[in-house]
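Take a look at the letters that make up each chain.
There are 2 protein chains.
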Amino acid sequence: MNLSEFIEGNRDAHLAELCEFLRIPSVSAKSEHKPDIERAARWVADHLRAAGFQKIEIVQTNLHPLVYAESLDAPGKPTVLFYGHYDVQPAEPLDLWTSPAFEPSVRNGNLFGRGTADDKGQVHIHLKALESIQKVHGKLPINVKVLIEGEEEVGSVSLWDYVQKNKEKLKADALVVSDTSMLAKGVPSITYGLRGLNYYQIELTGPARDLHSGVYGGAVPNPLTILTELFAKLHDKNFKVTVPGFYDKVAKISAPERKALNSLPWKKKAFEEAVGAPGYAGEKGFTTVEQLWTRPTFELNGVWGGYQGEGAKTVIPAKAYAKFSTRLVPNQDPHRIAGLVEKHIRKLLPKTVRCKFQVLSTGKAWVAPYHAPIFKIAQGALEKGFGKKAVFIREGGSIPFVTQMHDTFKVPCVLIGFGLPDENAHAPDEHIALENYFGGIRAIAHLYTDLAAL
Amino acid sequence: MNLSEFIEGNRDAHLAELCEFLRIPSVSAKSEHKPDIERAARWVADHLRAAGFQKIEIVQTNLHPLVYAESLDAPGKPTVLFYGHYDVQPAEPLDLWTSPAFEPSVRNGNLFGRGTADDKGQVHIHLKALESIQKVHGKLPINVKVLIEGEEEVGSVSLWDYVQKNKEKLKADALVVSDTSMLAKGVPSITYGLRGLNYYQIELTGPARDLHSGVYGGAVPNPLTILTELFAKLHDKNFKVTVPGFYDKVAKISAPERKALNSLPWKKKAFEEAVGAPGYAGEKGFTTVEQLWTRPTFELNGVWGGYQGEGAKTVIPAKAYAKFSTRLVPNQDPHRIAGLVEKHIRKLLPKTVRCKFQVLSTGKAWVAPYHAPIFKIAQGALEKGFGKKAVFIREGGSIPFVTQMHDTFKVPCVLIGFGLPDENAHAPDEHIALENYFGGIRAIAHLYTDLAAL
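Protein sequences appear in the order of chains A and B. Quick note: the first sequence uses our numbering, first residue -4, plus one each step. Quick note: the second sequence uses our numbering, first residue -4, plus one each step.
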């Protein structure tokens, strides 16, 4: 039996086993799920053993365990580090799920359940691809290291600590991650670029306490009004960010890359239907795809202050708050941008408020040279798995781990996602298309096989 | 024994009785206090009887009872309607009270407890003044109607319904209210003007659901940003409201009134110390007192949207909200202003958001001709009670009942407050200065006596 036949013959067994994995409510954000987290880590370790890995470790950390495994039986052949996570987002609001979050259910060719797309389903694709190769060929044709963490949804602190302390152990020729999406249904995709992310919070303080807006209104500066006046100044009428120096270092996209991105089978109409806004606007001079993947942004993520309850309260609040973020692109330096943003905001604010400015996190953008050989191999493997040519895409989001690993090991990172943009990762009714789950196992089995030629 | 001696001789008894009234936790906002509300209404009725009133009614309503009483034994003499309320604000947060909210306690010449200033203490001033006159003179020299409600802190709906249905019964030559503040300690004050209040809420909707700011940021209009851009346009650099027509009908203040207001014993430095802001700003061309009492405002009272929790969430929210209000002055028409505000806001908003605009309430300003005879009588009575000349002031807040009564009965309203601006009405450690409580009883006894000459 060849590899393809083996995989085809095990469809039902693979799907049943994935459902078993999905039934473990490994919600990393909630301490009540700590036993489930431990159970999920053991489940991953057990199934890595079934996949033929001999050296398997469950690494205890300050929070949730990591699972590490390695198969280094292919001397002289490339070594690949596969990264994924077994933890999931909370399932709430529970009443918005059509079928229970932790009771996987198939409807219309999709498997529904928390973790189907993000990321248990995609981790399972790799486990089953590796197991299939082992069962058909008796061994893996390359060296494989596997690192599956349990804190991705809560910040990956333990992972990063582990990587720093085990650089030699984790060394590889390439990093493979499946935690992203395909461009669209039927379009196998390789992601070669991510935006970076700085996240900020400010607190403006005017009066020492909340004031009655009748008694004091008209003679006391209102922090809420000042907040609105501040953020209204941060974009110009062409939707450019007004922070001086913000665009200084932004890498130019080459004409061929720009052409390639704009030629992708991506439909603006489908995008707008998915968003459902009454109208659209973005930075002038760039197409929507360019705005989303190649341009930096300044975005308000939360604003609050004063009275939010039912009815009326006539208050001038003492404080006003905002959370906001800048998405960054190559070659913006996150620390320099954070400094420019703070400087500009402090300059714009009047002396009638005090400002507490916090940088909650920084992270730079990542872009890979997608003409490197490993990308060609990945593209070929995807074509074998899906029967369609894979496209090279960028994404607007950020995966700090990819940037950190790339910076630490200076090796190519290949992001092959089997989710779809509308599969509700982080939301009720999360699902994965079964055609992408099964196609993923075929493609990834080809990938690990073909990487022997790297 | 004359009236003054009687009042002086009953200081301790009056104070003890007020404490009894204050111990009833008549919180109108909370249904668990319904029995206390009923008890407070009966307490008021009983003490009106003790004060010599024969006709007393506890009027059941859809919510909390009203207490009505009348003494019409002075044919040919003026009739005065006294209005107050026996309900109080909730006491929370309880841990910020130095002594328990419903266990009245004297410290440093102040009586602490919920309702001391707003409004039980002030209602009790009138009860004891009326009772003292009855006990000393055997009868009241004028006709008095008393209306004490139990819903002032929750909107006075039943009161207004009752007034509409009992116009003939409530008819009077003047309305007297004690539910305001003195300008400052040692400055007995008569309030002859209040600002009106329109309260609004808007909901802006952009995308059909919350979006990931990485995946969508840069090509989707952010309702929070649009909200800030909207409100940043509603004041110009001189702090004037930019709504076209907003100032069209604003009544000019006469030169003598302007001079009188600016000559009051009111200290800007004390005001700024009480507010505690890092800086001040208000409408150009007007003094602080003028800004607070005679100029209309446009004020944000609450803003919210997106993520407000700990840490970071990278969201472009579907919706952004604001609550805001306009304080109005004579002769702005509240309905016209509401229309102008809505028209302007809709004009300013881009087509990338939908806007739900709500007017939660409207209310016009009130100003009395303070040279009318009743104001002179009130000024004289206050001087007799406090040994100091009373001043005429306006306030920046709004008391809808006063405007409504004035419009319904077309009679003078005299607002004589015995609170102080820093006595924490609606906040923990609410208190009233004992000198103002006792001075109030003396002054109000003189007022009801001297009004016979009206």
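Careful, some of the hints might be misleading.
As the list makes no split between identical chains, a pair holds if one copy fits it or if it spans any two.
Stated by the list, open to error - Each computed EDC-like pair below joins lysine to aspartate or glutamate, with the alpha-carbon atoms no more than 16 Å apart:
hint	residue 1	residue 2
1	K25	E305
2	K342	E224
3	K25	E87
4	K166	D41
5	K279	E12
6	K308	E3
7	K264	E378
8	K308	E148
9	K342	E3
10	K247	E52
11	K254	D31
12	K180	E52
13	K264	D417
Just so you know, these hints were derived from the structure itself, not from any lab. Keep in mind that this is a model prediction, so the values were computed, not measured.
The hints, checked one at a time:
no.	hint	verdict
1	K25 with E305	between (31 Å within a copy, 15 Å between copies)
2	K342 with E224	within (13 Å within a copy, 18 Å between copies)
3	K25 with E87	within (12 Å within a copy, 31 Å between copies)
4	K166 with D41	neither (24 Å within a copy, 87 Å between copies)
5	K279 with E12	neither (49 Å within a copy, 73 Å between copies)
6	K308 with E3	neither (64 Å within a copy, 40 Å between copies)
7	K264 with E378	neither (27 Å within a copy, 77 Å between copies)
8	K308 with E148	between (38 Å within a copy, 11 Å between copies)
9	K342 with E3	neither (63 Å within a copy, 61 Å between copies)
10	K247 with E52	neither (44 Å within a copy, 82 Å between copies)
11	K254 with D31	neither (47 Å within a copy, 75 Å between copies)
12	K180 with E52	neither (36 Å within a copy, 75 Å between copies)
13	K264 with D417	within (14 Å within a copy, 59 Å between copies)
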